[in-house]
Amino acid sequence: MTSISDPHGGEEQNIRTVRLRRLGMFLRQNVVAVTVLGLVVLAGLFAPLLSATDPHFINPAVRLRPPSAEFLFGTDPMGRDIWARVLIGTRASLAVGLLVALIALVVGMVIGLISGYFQALDGVIMRLMDGIMAIPAIILAVALVAVMGANFTTVVTAIVVPEVPRVARLVRSVVLSLRSEPFVEAAVSMATPTWRILFLHMLPNTLAPLTVQGSFIIASAILTESALSFLGVGLPPEIPTWGNIMAEGRRFFQLFPGLVLFPGIFLSLTVLAINLLGDGLRDSLDPKLVKRI
Amino acid sequence: MTETQKTDVVLDVNNLSVSLHSGAEIVSKISFKVHAGETLCIVGESGSGKSVTSLAVMQLLDAAALRPSSGSILLEGVDLLKASPAKLRHLRAARMSMIFQEPMTALNPVEKIGDQVLEVLDIHNDGDRKGRPERVLEMFRSVKLPDPERIFSSYPHELSGGQRQRVVIAMALILRPRLLIADEPTTALDVTTQAQILHLISELQREMGTAVLFITHDFGVVHDIADRILVMNKGHVVEEGARIDILTRPKDDYTRMLISSVPSLVPVPPRSMVAEQVLQVEGMAKQYTIGSFGKRRQLHALHPTDFSLRKGEIMGVVGESGSGKTTLARCVARLVTASAGSVRLNGTDIASLSASRLRAARRDVQIVFQDPYRSMNARMKLRDVIAEGMVNFGFSAAEIQRRCVELIEAVGLQAEMLDRYPHQLSGGQRQRVCIARALALDPSVLICDEAVSALDVSVQAQVIRLLLDLRDRLGVSILFITHDLRVAAQLCDSVIVMHKGQVVEAGRAVDILSAPEHDYTRFLIDAVPARDWNFRERIA
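Sequence lines, in order, name chains A and B.
Position 78 (the first sequence) corresponds to 78 in the numbering used here; numbering is contiguous.
With the second sequence counted from 1, adding 1000 to any position gets you the numbering used here.
Looking at chain B on its own, in the form it has when it is part of the complex (with noise of 0.2 Å):
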């Protein structure tokens, strides 16, 4: 960045506070800048203020729960907390304008993409109306969505996600504004498809010379976007500072703990793998009949899968989303039954099992969900959460006491806690709850479906370490289904990839990770953003 754009402030935020009605502040006294050209990063775990801060800049708070309570806002001079609705909407958009995270429901399902595009124009009556159709044609075409004018006259439904997000960052963009709020954008697409939204955005930033403010959680899309970095943590700036000197040398201890965990890509050295096989799985595929009358099809959801688990083996599957993973979690664990083949868990079938035998063999299968706010009864306190398969099981009341005090500590909460209801636990704490429950019953195969990625970056180093720790201790095999690679790298013994439902690589995760075979496996990893970044080792 030259010097003369540094002096161009676009957006000042001084002493910004933002409090509920209560007066409890959620966002206390910050402020920060950000100049033409640059990308101001905000990062922060969840519930660290940053989404607030962002819809306060645009000015969309829900008024009825929060409002800014002291502070100024300076967009080129202008102060959006004293500005009014009228002069607001005409800034918005044309001035500053924002990309949500869910491009699935940021764009309205019965409108044509053209026509909420053209809105945009319209509203600000912006250039000679003729001539709008071919400028949102125009800049369909900048942000290279394919065949811009079927794209023009087609529904939202009929995109596909990192579409509808080059839509949405059209949309944004088309009044070339000065600032360019983006919250999130990323976080719901897969990796390669954020890969190229973030070298997309940046390209139209290089090129129109828009300030960007981009929040995020993912220190690896910071490391290869930002210009400058600023760290929120309950609601306060931690630390500001320039991208190099947050990464390489942070001054704050929490700064500091949010990049050590982040896992690294580089795989932990090899284990050597000598236990018995527990879980055999041959031949297994999934296929549904969709459609109705005349028009049915077939379509495989999962193409015939071979894979062995030995006892204490932790196997990552990878892939992007519609790559067959869960499918395949969910025929292991017989949550759907597999179209063919065989899934061998300790010698017996358990894809052939008639339903009263299968019930039998459920304790050695167990599973974890993604999404440790509604993977448990919320009427229902721990420890019957816990208990609840024993109690299937016909455990004692005396042994289901026991074991209930064991396993919650096991993962690290109080026996205490047993007591609870789910909503008084952090997300974190959920999910160890969830890992308790799965391990009452002893399986000898656990199955993490995405088990951490709801998690904070701290929270979810906690998960990992947990994982380990069972593992020696329990011998158990995990099955650990993510999409994210640098997890997979610090848990897994073997990974297989998949793609459109199908094995493309198998293997030891340090052999797959550090040199792949396949070209999809090739793409994948050079999808990670800041591959070549140790986090961790970085810091100073």
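Isolated chain A (complex conformation) (with noise of 0.2 Å):
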């Protein structure tokens, strides 16, 4: 028998170097979206730090100020720091956004993978996911809000409802290809319980994909996390989010547009920069999108 002569070589040092490549290229191509979003994290880990003022702080003898060295964006109707306010703004929508594409992600993914690989229940439950999806995600959140009263729970349950059919279309689609793949067959020809070829073969194939959709959910959340603090049925108005922030201020955007502008502003650098780094992510590891050698 002839043996095969080896046609590669140092295998393990060159996949790490590959990577570390990748991940150096990928940086390099979306520098302005990792840097503002990187600024963003910053100043809602540290925005303590980072204004002189507590963000909860009345003072109702420096309402309404222009912004100025004391006050770096003004302060609001009740004499608080705005800047303040909007650093520390930041913790709420970034929290809800992360929470929301996290608990989306994982129970779509379990919904996907049972469904596409189940296809008894395949029909029973994606006519179940349609019905869903059908449900406006502003009107569930103000239905639940009616029942469940405004808290972080309620803003987090009505955001992830209408995501998960989302992801769990993305998933089922997914393992529906990988079904018939040989590899799969094989695995089943060696035995290999379901549950194992689930999270063993099926599962780490959808992990780009999901990666990619996980960061457009963090913005779509952050959005509609804002649109819903705005219309008075997110977060109660005691947490500054950059939504409240907005609702307090729009009855004087005309006198004091800073008022909107600046946690608007914030709102929508940080969701461009998010929207950016998942087209990046996409381009980088769903390379059949990018025509490129």
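Bear in mind the hints are in silico, worked out from the structure with no lab data behind them.
This structure is a prediction, so every number in the text was calculated from the model and none was measured.
Any given hint could be a false lead.
Stated by the list, open to error - The calculated label-pair distances, taken between Cβ atoms and stated as ranges, are:
1) Ser1072(B) to Gly24(A): 36 to 44 Å
2) Glu1517(B) to Leu207(A): 54 to 62 Å
3) Ile132(A) to His1124(B): 52 to 60 Å
4) Asp122(A) to Glu1517(B): 42 to 50 Å
5) Leu207(A) to Ala1064(B): 49 to 57 Å
Just so you know, even glycine gets a beta-carbon here, dropped at the ideal spot from N, CA and C.
Got two chains here, each in a separate frame; can you build the complex from them with the hints?
Here you go:
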């Protein structure tokens, strides 16, 4: 028997170098998005250090001040420092975004895996998902707040529910195409238990599209949370979020546009950066969409 | 070919190189000529640069990746590398045209066949507008399409693969081009359809005096149609010459190795088969219900089938696509459950086992698939790929480690490769790993579903030797599904011939391949290209 010569060498080392190089390239190509997002996250983490005043401190003596050296973004109708409030609001927005994405991905993934792999359940599960997808997010949120009251859990639930079917559909489509792949059939013929097939062979192949989808969910969740807060059905007004700050400032918008503009700029930049990063992720994780050699 | 034709050079490729933008040469300084009425076959294994050469002639290279870096391509004196896009558009179809490998994707699925062919005439504004449909029908008749009027107004999905390839040929030849490039035009077709298409191409060529540049990896086809042969390897021309010279007196070692790797259709001498039976299949059948409400009907993928397999026997299951060979394999491996009948493996009927008891029985029958690129999870190291079955059956870590090394060495690879990922291997190496994985559980029956069909002929020969060697050493029985009668002749002790879900003939390989009784078997054997030519023995 002839043995085949080895066309490659130094493998493990090579793979690590290639991965590092790919990460480096990804960061270079998405330098704007990464920088903006990095700054926003740092601002949220170190909010108390970046402003001298307490974002909750009401001081009627300095109400509705324009931007100045003392109050970078000015003050709101109750004399609270907008800069401090916008910085601390970053936390709520990012927390909602990340938590929604995490829950939606995990729940949607489990549903998608089951629906895609077990054909008997597919029809029922997917019709249920279609039903959920038909409910507009904002209306669901208003209904939930009416029943459960405005709090963090309600807001997260309201945003998660309409996202789950999208994730489930995505995972299901990947599973359906993998089901008939020879490597899955080989696993079946080797008596690999179903749960192992799902988690060992199917799941890793869904991670790339899920990462991309996850980034878009974060962006859309941040936006929805702000919209809900702005409408008064989001997080309670005592928690500073970008939506809440804008809602409180809207009556004075014509006189003091900074009340809406500053949190609005933070919101837009964050969502834009996350979306750009999502596009970048898709380009590097799903090379079929990029025509490049 | 007459002398006057010989001077009539249609295509003159001179010192052509094609490079990646990074500078690496895919095709290096190749030169060849094709004369009117002549067929030049370019043969080579995958990656030899033969398709890139044909695309370079048509100027269809993917400009984002490849560019011709030097040389010239003269089509009747016009240098294609210097021609403007408008000039090229004019030359394509009118003076040179191409038939691609995959007739399923070469036609637009949402446009009627007739309109697609008419388009060629419309674009080139060729002839009287009113007379064009009749010209298309005339062309359909000359490529021997049945019922041309119906086909004219059909969509591609309503035609069989062979009919589609005929349409593509009609489209390519309707403007009577001087040069026809055929890139593996019959590789995706069944052997009987292939024979008809090859016959058709040479008939039309004789009639029109077209120069044909035929790209193929199949020496049988080369033997049947070539006037001259050009052998390529790794982007270089290895040698070029008249058909008979190359096939009988190759000068280069690479050509010699390629030609001697072509399996002979003469079966190997039979071995005596006295060992005990490991697999007995009785009345096994599979039917599917297709259609929806009101229009349900039964599709018989496999009619009741009986056969048995002895220890150490290699049984070939041969037939064309749709004959039910893969359904048979999948029923035996219980990847699908047979609708009727029994599959006794070492005495246990696996067709009727419950899911939990089936799991234990799976050890005894393992399967190797056709496509080595899709048969392994790309994210797993070879060690984990091979170990998967052993992990399922509770082998100890030390045992798994020992077996992995043993198995990868048994299939001719090195133990260091266990830490690699599948994408770091060649196609042949991957197929070896798939075989190692299938053998990890010591199965008594190994099913190979077209396991060597996707491999180059030299690699194919290595894998066939490996299978024979494993059979001798381990005594494993092999159910070998193939459409390639040459491979079956070299490997199998017995053969069953399938047609439309039924076994039409079964028996010893030597009997069936040298003295077939059933008409279909004879038909199948007659369609094998170069059936009377034993490549290995003819080399001087």
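Check: So which of those numbered hints doesn't the model satisfy?
Finding: Going through the list in order, the structure violates hint 5 alone and respects the others.
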